[in-house]
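Engineer: Single-letter residue listing:
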Amino acid sequence: GENVEQHPSTLSVQEGDSAVIKCTYSDSASNYFPWYKQELGKGPQLIIDIRSNVGEKKDQRIAVTLNKTAKHFSLHITETQPEDSAVYFCAASQGNTGNQFYFGTGTSLTVIP
Amino acid sequence: NAGVMQNPRHLVRRRGQEARLRCSPMKGHSHVYWYRQLPEEGLKFMVYLQKENIIDESGMPKERFSAEFPKEGPSILRIQQVVRGDSAAYFCASSPPPGGSEQYFGPGTRLTVT
Numbered sequence: 051g052e053n054v055e056q057h058p059s060t061l062s063v064q065e066g067d068s069a070v071i072k073c074t075y076s077d078s079a080s081n082y083f084p085w086y087k088q089e090l091g092k093g094p095q096l097i098i099d100i101r102s103n104v105g106e107k108k109d110q111r112i113a114v115t116l117n118k119t120a121k122h123f124s125l126h127i128t129e130t131q132p133e134d135s136a137v138y139f140c141a142a143s144q145g146n147t148g149n150q151f152y153f154g155t156g157t158s159l160t161v162i163p
Numbered sequence: 341n342a343g344v345m346q347n348p349r350h351l352v353r354r355r356g357q358e359a360r361l362r363c364s365p366m367k368g369h370s371h372v373y374w375y376r377q378l379p380e381e382g383l384k385f386m387v388y389l390q391k392e393n394i395i396d397e398s399g400m401p402k403e404r405f406s407a408e409f410p411k412e413g414p415s416i417l418r419i420q421q422v423v424r425g426d427s428a429a430y431f432c433a434s435s436p437p438p439g440g441s442e443q444y445f446g447p448g449t450r451l452t453v454t
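Each protein sequence line maps, in turn, to chains A and B. The first sequence begins at 51 in my numbering and counts up by one. The second sequence begins at 341 in my numbering and counts up by one.
A couple of the hints might just be wrong.
Said to hold, decoys possible - Over the 12 Å line for every Cβ pair with chain B, so calculated as not near, a few chain A residues:
| no. | residue |
| --- | --- |
| 1 | Leu61 |
| 2 | Leu96 |
| 3 | Gln144 |
What the hints assert, rightly or not - Derived coverage of chain A by chain B (criterion: at least 3 residues anywhere in the stretch with Cβ under 8 Å from a Cβ of chain B; other residues may be distant):
| no. | stretch |
| --- | --- |
| 4 | 81-88 |
| 5 | 152-160 |
Calculated from the structure, these hints are not laboratory results. On a predicted model such as this, the values are computed, not experimentally measured, just so you know. Don't be surprised by glycine CBs; every beta carbon is placed ideally from N, CA and C.
The whole structure should be built from the sequences, with the hints applied where relevant.
Structural biologist: Structure follows, in structure tokens:
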């Protein structure tokens, strides 16, 4: 089965700096890679996703890059703000309805004002 | 458009009791997934259901756990004879009709077994 690894497990940055979270996956059949933000006591919220036919996708301060050859993908948050503080999870799936998501173990991001 | 709804948000059960967790998918979604999250860990897939059908239950323990998604009403995850190791957050997600890869999560039910 698929195995998703995520690093780092914790990350602290100063407000305004950038944050980068990296994930690797093992199954070359995976072709859909969402990122979720989870605030304390809440469910995961989809913030951005990328499919394997695209190398990079950007949405305002958030961007995701994908390297299919190396089987890794990364989340980039620029100009971080205190409200970005949360746990971020990457996931991989085969991209069809019904395909389960394989999640990384999460990165706890703290943005220091 | 209301999001995925789960209830109860918090559930306390003594060892040996039954736990019933409910999930109502987003409007227009007929695909439901259940995941379990242990403290300090990522989410682990349990089961995928469509209306009246279990499609994939490969992540669900063989004993004590069951799930259903009836024609009418919410999806139910049922845990019989709960043990302390069942304490976790249980999340439900739903996805749009076939062709949609995205899964949208509810707020979760936090089960505590005493």
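Engineer: Against this structure, judge whether each hint is valid.
Structural biologist: Hint-by-hint comparison with the structure:
With a least CB separation of 15 Å from chain B, A:Leu61 remains clear of the 12 Å interface cut-off, as annotated. A:Leu96, annotated as away from the interface, has a beta carbon of chain B within 12 Å; the closest lies near 6 Å. Listed as a non-interface residue, A:Gln144 fails to keep its Cβ farther than 12 Å from every Cβ of chain B; the least gap is roughly 9 Å. Chain B is given as covering the stretch 81-88 of chain A, and this holds because 3 residues of the stretch bring a CB closer than 8 Å to a CB of that chain, at least three being needed.
Against chain B, the stretch 152-160 of chain A contributes 5 residues with a C-beta closer than 8 Å to a partner C-beta. That satisfies the three-residue criterion, and the hint holds.
Hints 2 and 3 from the earlier list are contradicted by this structure; the remaining hints agree with it.
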